[in-house]
Amino acid sequence: MTITPQLKRPKKAQDPARIPQRDRSKLGYWLYLIPGGILVSLVIFYPIVRNMRLSFFHWRGGRAEESFAGFDNWIALFSDQEFLQSFKNIVLVIIAMVVVPTLLGLIIAALLFDVVGRRFGGKLSSFLRATYYLPQILPIAVAGVMFSWILKPNSDGVLNQFLTLITGSTVEINWLGGQYSTAMASVMVLMIWIQIGYPVVIFMAALQRVDPELYEAAELDGANWYERFRAITLPMIRPEVFVVALTTTIAALKVFAPVFILTNGGPSKSTYVPSFYAYQEFIRGTDKGYAATIASAITILVVVVAIIFIRVQNRAERKDA
Amino acid sequence: MTAVTQVAPPAPPAPKRPTSNKSRPRTASEWMLLAVAIVGALVVVFPMLLLLLNAFKSPVDYANSGPLELPARLDFTGIQTFWETQNFPRALWNSVFISTMVAVIAVAVSVLNSFAIGIGRVRGRTWIVLVFLMANLVPQEMLFDPLFKLYDRVGLLSNPWSVILTFVVIQSAFGTYLLSSLLGTFPKEILEAAAVDGASRWRSLRSVIVPILRPTLSVLMVFFFIWTWNEFLLPLAFLNTADSLTVPLVLEQLNGERQTDTTTLIAGTLISIIPTIIFFLVFQRTLTRGITAGAVK
Chain F
1 MTITPQLKRP
11 KKAQDPARIP
21 QRDRSKLGYW
31 LYLIPGGILV
41 SLVIFYPIVR
51 NMRLSFFHWR
61 GGRAEESFAG
71 FDNWIALFSD
81 QEFLQSFKNI
91 VLVIIAMVVV
101 PTLLGLIIAA
111 LLFDVVGRRF
121 GGKLSSFLRA
131 TYYLPQILPI
141 AVAGVMFSWI
151 LKPNSDGVLN
161 QFLTLITGST
171 VEINWLGGQY
181 STAMASVMVL
191 MIWIQIGYPV
201 VIFMAALQRV
211 DPELYEAAEL
221 DGANWYERFR
231 AITLPMIRPE
241 VFVVALTTTI
251 AALKVFAPVF
261 ILTNGGPSKS
271 TYVPSFYAYQ
281 EFIRGTDKGY
291 AATIASAITI
301 LVVVVAIIFI
311 RVQNRAERKD
321 A
Chain S
1 MTAVTQVAPP
11 APPAPKRPTS
21 NKSRPRTASE
31 WMLLAVAIVG
41 ALVVVFPMLL
51 LLLNAFKSPV
61 DYANSGPLEL
71 PARLDFTGIQ
81 TFWETQNFPR
91 ALWNSVFIST
101 MVAVIAVAVS
111 VLNSFAIGIG
121 RVRGRTWIVL
131 VFLMANLVPQ
141 EMLFDPLFKL
151 YDRVGLLSNP
161 WSVILTFVVI
171 QSAFGTYLLS
181 SLLGTFPKEI
191 LEAAAVDGAS
201 RWRSLRSVIV
211 PILRPTLSVL
221 MVFFFIWTWN
231 EFLLPLAFLN
241 TADSLTVPLV
251 LEQLNGERQT
261 DTTTLIAGTL
271 ISIIPTIIFF
281 LVFQRTLTRG
291 ITAGAVK
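Just so you know, the protein sequences line up as chains F and S, in that order. Just so it is clear: in the first sequence, position 1 is 1 by this note's numbering, and no numbers are missing. Just so it is clear: in the second sequence, position 241 is 241 by this note's numbering, and no numbers are missing.
No lab work stands behind these hints: they were computed from the structure. Don't take each hint at face value.
[What the hints assert, rightly or not] Per the computed footprint, the stretches of chain F lying under chain S, defined by three or more beta-carbons under 8 Å from a beta-carbon of chain S, are: (1) 88-101; (2) 104-114.
[Said to hold, decoys possible] Ranges between beta-carbon positions, derived for each pair: (3) F/216 - S/159: 28 to 36 Å; (4) F/60 - S/190: 56 to 64 Å; (5) S/80 - F/52: 46 to 54 Å; (6) F/164 - S/258: 21 to 29 Å; (7) F/95 - S/159: 53 to 61 Å; (8) S/161 - F/226: 50 to 58 Å.
[What the hints assert, rightly or not] Where chain F lies over chain S, by a calculated footprint (3+ residues, C-beta under 8 Å): (9) 33-44; (10) 71-78; (11) 157-165.
From the three backbone atoms N, C-alpha and C, an ideal C-beta is built for every residue, glycine too.
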């Protein structure tokens, strides 16, 4: 699918229309890259180079002297309990931001498109889709504050009051500050809540490409909802599943705000994620060189993951072609 | 990657020929599945309904009633306290100013970049796109310490332009990526015709390419606006004076203060959500068209 069929371009020499273009060299186009180039080197590459370099130094920050550390910081990283814990948490974050929303998104999108949209009208399915998408546009900070209100530890907390109402006895669970399991689970629920709308909208848009008669034909042949999902929906939207997985995985590796607002890394640093750890070390740590090492490690990981994803995608495309 | 412009409209297309499908009575299982979809949507909006239910309770009422109960009577203490203690209009203005500037400038930068990459087909363009995309891949904590020092040195800390500059780069990464692949398939005849008529490159960019791209550019602007509006970590690092805070930062700060009354916090959260919801309602169609832009193969 492209906007316009690729037009055959005549060879330059044979085409008189190109002569005015040929007089001016392609060099002229480089001028258009100047503003973007300057900005990206200043805002992105200057910090990358600076932090990469700093990861080989010990530095207290401010006016203190830097002292060369070689690979000290990098070696320390791999035996650092907090860093390893933060990576264990990333696995859970990927479950909450990638796996669960993608699976739920598939089901909801198919439901809204195949059942609600076709049998109950497009207006209703559009409305429901917008509802699922709503958390995506809320500032994460605002969503986080809302959740921390619901999860307040004492009898003031909404969830605690709700549970008290159901069980009949007073419930005072310290969801966020009490223990690792409830704190991490709370962070995960917030992430699922935020993420769910993204795959729903993308998958539904992908389904627009599917000929509705395909569904009808399958229906006439006696295929039930699940069979249609397996045989039509899933194969049709595989490229979108891939894009969703890639973008959300990268977002998961970089996740920061939900942890910062809900648990602030606690209780006792158990809900640290790498980004939050790097941030803490930059702000409060005694060695900015070490903080730079953590940040560099995440950057390298994100770039590697992105490259792997794109490679796999290209290979899958070639197989299809 | 294909064009934003050719993604089908949001509503599922109606079948062209009258089918037996519509007239067939809805089965019980279809009603069940509809119920599932509606319950799911209710679960998603539930936290926001809770906010609405509790934002208009007086502190006493809030303390004595359950969170699921209706307020005894409408009370605006929370909203009033939030409005009086926090400079919300100022924060709103900061957020609007920053997000608008980023949306406009980032789209402009994306157009310039993608003109050179997609139309100019400069040498090494695949790598150039990757270089720009780095802005999207780099985690923000990698940026914040060096940029903090940089902005400190040039006196941009607590100045909205520190955030604007940073996010122009981060957002235009996506814009450059999308527009470059779009312009890569731009019909050459149009440009050649313009060249024959004596249009310079700048002229054909301005009067030929940009008008044709307009729908895509407006989608990008809406996106950049919302993404910037929601940003948290870097604004938190760069904006430190009370006057410079954005909406999410004001709320986060309020949340951090121990003496904050719960009803004030709930009211503040509700008020912070309102601009986003208004924006969402206004641009709903543009948005749902746009989200698919990056996804469709």
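Consistency of the hints with the structure:
no.	hint	in the structure
1	88-101	violated (count 0)
2	104-114	holds (count 4)
3	F/216 - S/159: 28 to 36 Å	59 Å, violated
4	F/60 - S/190: 56 to 64 Å	59 Å, holds
5	S/80 - F/52: 46 to 54 Å	51 Å, holds
6	F/164 - S/258: 21 to 29 Å	24 Å, holds
7	F/95 - S/159: 53 to 61 Å	40 Å, violated
8	S/161 - F/226: 50 to 58 Å	54 Å, holds
9	33-44	holds (count 8)
10	71-78	violated (count 0)
11	157-165	violated (count 1)
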